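A.B. asks: What follows is the residue order along each chain.
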Amino acid sequence: MSLLTLERVSKRFRRGRREVTALDDVSLAIAPGELVAIWGMPRSGRTTLLRIAAGLEQPDGGAVHFCGEAVRGHHEDGLPVGIGYVQVGLGGVGGESIADHVAMPLLARGTAPEIARARALLHLERVGASGCAHLQPRELEPTERVRVAIAQALVTGPQLLLVDDPTSHVDLLEREAVLLLVRSIADGNVAVLMTTGEAMGVSGVDRALTISGGILRAEASAGPANVVPLRVARGSGAERG
Amino acid sequence: MRSAVNWAVLGLVIERPSYGYELFQRLERRYGGVLDPPISQIYAALNALERASLIEPLLEEAPAAADPEERLRAPARRQPKVHYRATASGARAFREWVADQMREDPRHVEMLRRIAGTAAAGVDRAGTMHALVDAYERACVEEASQLPLPPARDGATPAVAAGELVERLVLAARRGLLDAHFAWIAYARKEIDAFEQTRTGRADEPADA
Numbered sequence: 000m001s002l003l004t005l006e007r008v009s010k011r012f013r014r015g016r017r018e019v020t021a022l023d024d025v026s027l028a029i030a031p032g033e034l035v036a037i038w039g040m041p042r043s044g045r046t047t048l049l050r051i052a053a054g055l056e057q058p059d060g061g062a063v064h065f066c067g068e069a070v071r072g073h074h075e076d077g078l079p080v081g082i083g084y085v086q087v088g089l090g091g092v093g094g095e096s097i098a099d100h101v102a103m104p105l106l107a108r109g110t111a112p113e114i115a116r117a118r119a120l121l122h123l124e125r126v127g128a129s130g131c132a133h134l135q136p137r138e139l140e141p142t143e144r145v146r147v148a149i150a151q152a153l154v155t156g157p158q159l160l161l162v163d164d165p166t167s168h169v170d171l172l173e174r175e176a177v178l179l180l181v182r183s184i185a186d187g188n189v190a191v192l193m194t195t196g197e198a199m200g201v202s203g204v205d206r207a208l209t210i211s212g213g214i215l216r217a218e219a220s221a222g223p224a225n226v227v228p229l230r231v232a233r234g235s236g237a238e239r240g
Numbered sequence: 000m001r002s003a004v005n006w007a008v009l010g011l012v013i014e015r016p017s018y019g020y021e022l023f024q025r026l027e028r029r030y031g032g033v034l035d036p037p038i039s040q041i042y043a044a045l046n047a048l049e050r051a052s053l054i055e056p057l058l059e060e061a062p063a064a065a066d067p068e069e070r071l072r073a074p075a076r077r078q079p080k081v082h083y084r085a086t087a088s089g090a091r092a093f094r095e096w097v098a099d100q101m102r103e104d105p106r107h108v109e110m111l112r113r114i115a116g117t118a119a120a121g122v123d124r125a126g127t128m129h130a131l132v133d134a135y136e137r138a139c140v141e142e143a144s145q146l147p148l149p150p151a152r153d154g155a156t157p158a159v160a161a162g163e164l165v166e167r168l169v170l171a172a173r174r175g176l177l178d179a180h181f182a183w184i185a186y187a188r189k190e191i192d193a194f195e196q197t198r199t200g201r202a203d204e205p206a207d208a
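The listed protein sequences derive, respectively, from chains A and B. Counted the way numbering that gives the first Met the number 0 counts, the first sequence spans residues 0 to 240. Counted the way numbering that gives the first Met the number 0 counts, the second sequence spans residues 0 to 208.
Where hints are given, some of them may not hold.
Simulated restraints, written as ranges between beta carbons of each label pair [stated by the list, open to error]:
(1) 164/B / 28/A: 36 to 44 Å
(2) 58/B / 141/A: 35 to 43 Å
(3) 187/A / 49/B: 50 to 58 Å
As a list, the in silico SDA-like pairs of lysine to any residue whose alpha-carbon atoms are at most 25 Å apart [unchecked claim]:
(4) 189/B / 13/A
(5) 80/B / 164/B
(6) 189/B / 12/A
(7) 189/B / 121/A
(8) 189/B / 19/A
(9) 189/B / 4/A
(10) 80/B / 41/A
(11) 189/B / 187/A
(12) 189/B / 9/A
(13) 189/B / 69/A
(14) 189/B / 87/A
(15) 189/B / 14/A
If you are wondering where the hints come from, they were derived from the structure by calculation, not from laboratory data. Since the model is a prediction, treat every value here as computed from it, not as a measurement. Here a beta-carbon is modelled for each residue, glycine too, at the ideal position from N, C-alpha and C.
Only chain A is shown next, with the shape it has when bound in the complex (with noise of 0.2 Å):
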């Protein structure tokens, strides 16, 4: 069964007096533990279908279910449980460390705060970035800010991440490491929904799509990705097994 699926969702959002289409009949499902990736530039919808996916937009039409359940509007009471959304742009006040803000999820769900604290230490390390804990958000690098976003949204053991392009502030030469900690969650069976602008962000996915003007178009079931020699014969998919 799946884990999440959009049936025909659009979302279209007024400005000013004109009205955009975000997303036109947009159709997906996505099964545990697979890692797919939309690639988008801007503008293209991309994130609009993320947030209706947890929740937090409310789609004009078509439905949204999670694990069998409906999933509606959620601004208030947060994310459905067993959604994690990686959002990059961690508040930047001061006064809390970064294993605070990673165990805020947990404590705003009961958890005891050194329970909640340990957590987040785990994740935190989990991620690669235990020696940012005791740090402030605005003292992150770009590539740290990403990792411990990925923490925050792993740390209530979400069954389904939705990670919003992960790369594009991150240096050049750290994306490849981003992708891989991706890879690795969704190994780990937690299904990954991720957004990307780059031809990076489809390597190696399980699946791969691309949106443009709120519509989803191509589709690309990776193969061996693993084991594909350097050299791609051009032209002809017949090389592909």
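Mind docking chain B on chain A? Use the hints.
C.D. replies: Only chain B this time, still in chain A's reference frame:
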């Protein structure tokens, strides 16, 4: 014109009229990490493009681009920002440059040939051209998803062996080409829509958000 930044700025201005700081932000969003010019270089690019008559200033605020709410909030006495739009020769130069960039790729050349053939004759030309672009996009996304992610660099010893360095560079070159193709696909869809609207005399709202 050799500067990649100049071409990138021209491409953004063709998409919609824009001013210096906005272009700086749009360029960062679109090409961050690949092109990261300081804002002074954006203004230098605008000057160079204007000198070459590839863009021209719009004396009034660009009504199509400005958000009406944003305009209401802006104090009326503020110095108007100079928006630039592409000239016809700017749009032509950009198309030629893009075609030049693609000359290396036989698959792409073949698709352009078919698009040219479709544009000249036939029924439902836009539909056929879009189908060609869609098929090309599928091939690109398939290729991109099959590229391997190289093993992570060891943080303590960032140096890589010579063989691995070459492998990384080859991979980066292929990804860079795919990035260019993806950008081209987005551009091509808009061009085909514009072509079809000119032909049918329709002026539908663009649906991008």
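A.B. asks: Checking one constraint from the list: CA of residue 189/B to CA of residue 12/A, max 25 Å. Satisfied?
C.D. replies: Holds - the C-alpha atoms of residue 12/A and residue 189/B are around 20 Å apart, at most 25 Å.
A.B. asks: Straight-line Cα separation of residue 189/B and residue 4/A no greater than 25 Å?
C.D. replies: 30 Å, violated
A.B. asks: Quick one, are residue 189/B and residue 19/A close enough, alpha carbons at most 25 Å?
C.D. replies: Between residue 189/B and residue 19/A the Cα gap is close to 16 Å, so the pair holds against 25 Å.
A.B. asks: Would you check the hint for residue 189/B and residue 69/A, treating anything up to 25 Å between C-alpha atoms as holding?
C.D. replies: Distance of about 35 Å is beyond 25 Å: violated.
A.B. asks: Under the criterion that the straight-line Cα-Cα distance not exceed 25 Å, is the pair residue 189/B, residue 13/A satisfied?
C.D. replies: 22 Å, holds
A.B. asks: Is the Cα-Cα distance between residue 189/B and residue 187/A 25 Å or less?
C.D. replies: 40 Å, violated
A.B. asks: Does the beta carbon distance between residue 187/A and residue 49/B stay inside 50 to 58 Å, or does it fall outside?
C.D. replies: Holds - the Cβ-Cβ distance for residue 187/A and residue 49/B, about 54 Å, lies within 50 to 58 Å.
A.B. asks: Is the Cα-Cα distance between residue 189/B and residue 9/A 25 Å or less?
C.D. replies: Judged against 25 Å, a Cα distance of about 21 Å means the pair holds.
A.B. asks: Under the criterion that the straight-line Cα-Cα distance not exceed 25 Å, is the pair residue 189/B, residue 121/A satisfied?
C.D. replies: 47 Å, violated
A.B. asks: Is the straight-line distance between the alpha-carbon of residue 189/B and that of residue 14/A 25 Å or less?
C.D. replies: Holds, at roughly 21 Å.
A.B. asks: Assess, step by step, whether the Cα of residue 80/B is no farther than 25 Å from the Cα of residue 41/A, and give holds or violated.
C.D. replies: 24 Å, holds
A.B. asks: Verify the CB-CB distance for residue 58/B and residue 141/A against the hinted window 35 to 43 Å.
C.D. replies: 39 Å Cβ-Cβ, so the 35 to 43 Å window holds.
Hint check: violations occur at hints 5, 7, 9, 11, 13 and 14; the rest are consistent with the structure.
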